[in-house]
Amino acid sequence: MHSDLKQYCLQLADNSLIHGHRLSEWCGHGPILEVDMALSNIALDNIGAARSIYAFLAEQEGEGKTEDYYPYTRDVREFLNVLLVELPNGDFADTMAKCLFFDAYQFYFYTALKQCNDSTLAAIAEKSLKEVTYHLRFSSEWVIRLGDGTEESKENMQRAISNFWEYTGELFQPSAIETSLQKTLQLPDLNLIRDQWMEKISEVLQEATLSFPLSSEKGWFQQGGKTGIHSEHLGFILADLQFMQRAYPNSEW
Amino acid sequence: MVTIPAHIAAILEQVFDPEVPVLSILDLGIVRSVEDRDGQLKIIITPTYSGCPAMQTIATMIRLELSTHGFQHIIIEEQLSPAWTTDWMTESGKRKLQEYGIAPPQYSTKNNPTNYLEVVVPCPQCSSSHTELISQFGSTSCKALYRCLDCKEPFDYFKCH
Ligand SMILES: [Zn+2]
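Top to bottom, those sequences are chains Y and P. Position one of the first sequence corresponds to residue 299 (the numbering used here), numbered consecutively onward. Position one of the second sequence corresponds to residue -4 (the numbering used here), numbered consecutively onward.
Chain Y with its partners taken away, still in its complex shape (with noise of 0.2 Å):
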């Protein structure tokens, strides 16, 4: 497998599965039965979208790797997620907010990526595309609901807005891999990508009465998870996911 593209589906995939473990934090905390419920339905959807690739990459390196090779044994500079998914979650409306980034994100990425060259991924899109859609539904009701909600909930969302803004311009920001395999797989253009997000994202915000961020006329933005330079969060997480591989190799139950 050339070594780009087994990148570029660690992107995907890490993405998937470090969002997936933030979410499943809340499994026994939502704040009502209905959301707890909701938040570990999508966490699901999001490991298992990661299982896909993981699955995909350990049948095409072969070397007796499985899927389990990829979330359990490397270590944080190897994992090429973008930083907004590995930030702590914050209280509810914090986790809102990153959702509804991450999910408008997901929604057109996997929207373009339907019709890239490369079979797998391409299929891989087209079911999680279907999840996403539910996905992004969900948080976009809750930050309309909490910003145009009770003068608290509005300020907490608009805060909650504010603290992630800064993760998103990574999201577009291609890396070398995506730029150099961008062509040939005819993979998503970031560029595209960002202006309907963009689009779709002060939709949401004007329904929910709220403003961008004043960071956001800067245009500064963090990164570094790309190319696997993260935040100390990675770390404290794959202390938690990788606790029994690391303590127990090999195991299984």
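Just so you know, these hints were derived from the structure itself, not from any lab. The structure displayed is predicted, hence computed values, not measured ones. None of the hints are false.
Pairs of lysine to aspartate or glutamate residues, derived as DMTMM-like cross-links and limited to a Cα-Cα distance of at most 20 Å, are as follows: (1) 481/Y / 302/Y; (2) 428/Y / 416/Y; (3) 452/Y / 501/Y; (4) 105/P / 424/Y; (5) 412/Y / 73/P; (6) 498/Y / 446/Y; (7) 363/Y / 73/P; (8) 147/P / 332/Y; (9) 363/Y / 72/P; (10) 412/Y / 487/Y; (11) 428/Y / 73/P; (12) 363/Y / 302/Y; (13) 363/Y / 376/Y; (14) 428/Y / 82/P.
Here the structure of chain Y is known, so what remains is to put chain P with the ligand in place on it, guided by the hints.
The following block gives chain P with the ligand in isolation, referenced to the frame of chain Y:
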């Protein structure tokens, strides 16, 4: 339309979805093809949702059911595309869901209203159409949670997907 050799279909009809045990895997439409070459079977299945935790169990149950009927060479493969849709659910599957107390998908995905407020889901208990959505995500990914405004019972809706 998937055609499955009748002698195999009769066996697969006995393999039930572990999460909605009234539905066979044929009712669900997740068996995409079956090839029987002199007793060597190749079966292609597709997951309902990416994160469906039941897929592995279903594969094991298929293997078990077929081997008790004497089949020894069974290959089961998972295929993602075309993505599973509730349009593949059989009419008898929908009827069984209804009787089980889960409202079956009400639309084909081609005419499912994009605005869910326009979706009408009759109550599986009293048939009233006076129902409302509680949550888009029910006890599993494939279901949404509704409540009946007449008989007051909450119920699951197997949503169009
Ligand atoms: Zn009723």
